[in-house]
Amino acid sequence: MNKPLTSDTTVATATLNAIEKNKHLEGSLLPILHQIQHSLGYVPKESVPSIAKALNLSRAEVHGVVSYYHTFTDQPRGETIIEVCRAESCQAVGGRAIEAAIKENLGIDYDETTEDGKFTLEAVYCLGNCACSPALRMGDDIHGRVTPKKVDRLIKKQREQD
Amino acid sequence: MTIQIFTPQDSTACSVGANDVAEKIQELTQSHDVEIIRNGSRGLFWLETLVEVSTAEGRVAYGPVDEDDVESLLEQGMLEGAQQHPLSLGPTEEIPYLKKQQRLTFKRAGIIDPLSIEDYQAHEGFEGLRNALKISDQEIVDTVKESGLRGRGGAAFPTGIKWQTVLDATAKGECQQKYIVCNADEGDSGTFADRLQMEADPFALLEGMTIAGIAVGASKGYIYLREEYPHAHQILNKAIEIAIENKFLGDDILGSGKPFDIEVRLGAKSYVCGEETALLESLEGKRGVVRAKPPLPAIEGLFGQPTVVNNVISLSSVPIILAKGAEYYASYGMGRSRGTMPFQLAGNLKQTGLVELAFGATLNELLNDFGGGSQSGQPLRAVQLGGPLGAYLPKEQWDTQMDYEALAAIKGVLGHGGIVAFDNTVDMSEQARFAMEFCVEESCGKCTPCRIGSVRGVEVIDKIRSNNNRDNNIVLLSTLCDTMENGSLCAMGGMTPFPVRSALQHFGEDFHQDPPSQLNKS
Ligand SMILES: Cc1cc2nc3c(=O)[nH]c(=O)nc-3n(C[C@H](O)[C@H](O)[C@H](O)COP(=O)(O)O)c2cc1C
Ligand code: SF4
Ligand code: FES
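Protein sequences appear in the order of chains A and B.
So the first sequence is residues 1 to 162, counted in our numbering.
So the second sequence is residues 1 to 522, counted in our numbering.
Simulated crosslink set (DSS-like; lysine-lysine; CA at most 25 Å straight-line):
no. : chain 1 : residue 1 : chain 2 : residue 2
1   : B       : K172      : A       : K23
2   : A       : K45       : B       : K269
3   : A       : K23       : B       : K238
4   : A       : K103      : B       : K269
5   : A       : K118      : A       : K150
6   : B       : K350      : A       : K150
7   : A       : K149      : B       : K350
8   : B       : K172      : B       : K293
9   : B       : K446      : B       : K286
10  : A       : K118      : B       : K269
11  : B       : K238      : A       : K21
12  : B       : K220      : B       : K238
13  : B       : K286      : A       : K45
14  : B       : K220      : A       : K21
15  : B       : K247      : B       : K134
16  : A       : K23       : B       : K269
17  : B       : K269      : A       : K21
18  : B       : K107      : B       : K145
19  : B       : K172      : B       : K220
20  : B       : K395      : B       : K100
21  : B       : K134      : B       : K145
22  : B       : K286      : A       : K21
23  : A       : K23       : A       : K53
24  : B       : K220      : A       : K23
25  : B       : K145      : B       : K220
26  : A       : K53       : B       : K286
27  : B       : K286      : A       : K23
28  : B       : K286      : B       : K220
Quick partial rundown of chain B residues pointing at chain A, CB under 7 Å, derived from the structure:
no. : residue
29  : T12
30  : S15
31  : V16
32  : F45
33  : S189
34  : F192
35  : E228
36  : A268
37  : E284
38  : N348
FYI, nobody ran anything at the bench for these hints, they're computed from the structure.
Think of the CB as a built atom: it goes at the ideal place given N, C-alpha and C, for glycine as much as any other residue.
Could you put the whole structure together from the sequences, leaning on the hints where they help?
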């Protein structure tokens, strides 16, 4: 299940805010998309026409950029994003077991969201935390020397916070 | 006298509890005259959280400290620098891992408060910039050339020569804008030097970019930072604000009349955007697709203007070169690899962290003398050097010196200096498969050999691993690697064959057995 879509007015306001705040920058498309992604949790299809108009681009061009980058999603995701490092340093110290443990705990695969809408699982290729591998990121917090036990503890703690 | 307690705010330190440790220290020392400083990390990551206390004889260290250790550390006299506690490490500077290093670029890492511009200046900060303002633009470029500095982002191109091209190029249009772009995309797995530098000593990067701007006549700088580094993002933005307040950035740098501004821009999780032309496309607000060269970015870069694109470490090494002179920097190193390199020990090693050394050390020294061997206690078997596009090196090659040319001779690459060690439980056919899978995931899609070849690569390796027409498929894999190497525009498709071929060549036995692989192969 995905989170319900955001209301039209919220989308319109967030889109306009992002455009107003960043329009004056050189190469402002990515900053605009980042701000929308950050405030709404995704870049709704409905945002595309206003962005295109403001930047004098075609809708296809804006859509092309949104779909190119892993960061931007056109669907809402869970409240908390968990990104698990799949790259080599983490592989070398049990990262593959961590991937399996998280998938099992949440009952989902990559790019899926839990039934209750709390978590979305994503793959990431290195968090720059390789000196304390295996690593994962939950929201803006990075966790290192992760064990399957620590995975369960972190998820439990996050659930309790909500 | 106020006792200073240092607890890093570095994101790796925080990933293993540094914030909790700092809070606990705060809570339990309320009745004492202490100041808790959130320094950057020293880069001795296996010892994080590394807590340091100032004493009359200098700083002493404790680590790895967990929140639960704080009480007993305090009971056993940590505030007086006592050394009975099992986590005591003695004077920080005497820890062999640190003492044996040659810290030039990272000389302030972990020592200062990253956002204290006073601390920065008390440790030789901005001396390079002050010197640069006294000499001509050409003299700055000559100094960088003479230092022998080569780009630390991967391609090892001489930095001074790149700067010369931009200095000589004429900007177009009325605005006459040239740009300095810092590549802070640090996508290579096994690397964290850029992150550590930006979090521990951000002013050094700002200073290096400013010197570059003055040298080539650019007044605008961008730091293209990967989105995966939220903490570095905060620190850089604060550092820029502080630098502006103190006239180290802005319209009139230190009264010289010269302007320079820096803005941080976030990437959006695309590995190939670390490639300099894809990065420029991304900064312009487009899909991060690689451009054909020529034109070189130095001549037609960001928005078509002459642009210096340099890695974080290249730029952060410039201040010390301008402060101490080209000769000083060039006196380190060997052959055509001058100066120091921040090696990053990662993966299955006991003592992971950042080791800055002059070029010329061997992999064995790094893995054993610094790394302390494997973390698991099993023998080490393979080392991937230079990120996800770097070759896997077997034991027989570990006495090669860390020097660009020596490594090229064995088809190895130093890249950004990442060293990822694997013990004997690794299945190298699985690693080869991952290299192809990573290319599928991250290809920008422009060239067929990269986009389609990598998909085929995964399929072929799967067949080999399941003993489906194995011998023919091994031949096919090799042909596929040739096609990718010869027909790709950039190193993504062109070098993905490096880890694949090296796995096949040096660890062929892993391709000739049925998974799941047995343990203890070496
Ligand atoms: C696929 C690919 C990814 C790259 N990623 C990075 C990176 O993350 N950081 C970096 O500094 N250079 C990266 N590079 C190298 C850059 O293209 C370029 O050489 C570098 O930014 C130049 O700076 P330097 O001369 O200071 O090293 C990458 C190259 C390729 C082909
Ligand atoms: S080799 Fe791959 S990543 Fe590089 S330009 Fe070609 S398709 Fe893009
Ligand atoms: S490889 Fe996992 S954090 Fe770098």
